[in-house]
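Undergrad: From just these sequences and the hints, can you work out the full model?
Numbering (the numbering used here), first residue to last: -18 to 48.
Hint data in this document are derived by calculation from the structure and do not stem from the laboratory.
Quick list of simulated restraints, FRET-style, between CB atoms: (1) Gln(-10) with Val26: 43 to 53 Å; (2) Asp(-9) with Val30: 47 to 57 Å; (3) Val8 with Thr46: 15 to 25 Å.
Note that CB positions come from ideal geometry on N, CA and C, so glycine has one too.
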Amino acid sequence: RYLGTAKDQDGITPKRKAQQLAMMIAVGLGLHNLSEGLAIGQGYVGGAVQLAWLMAIGFALHNATEG
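TA: Have a look at this one:
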């Protein structure tokens, strides 16, 4: 059997499982980054520009580990 054609008990190929996992990771990171962007934007809109810059720098350092 080839990797792309073999199926597990659920009838799902390993390639399809990998695609599903990749999509879940991408959606999770997207939602995570959206919330960070909203927090930074709220800082700017609320007039706390220094806080917004601090959050932007902190989030940038935090995201550096995510690749």
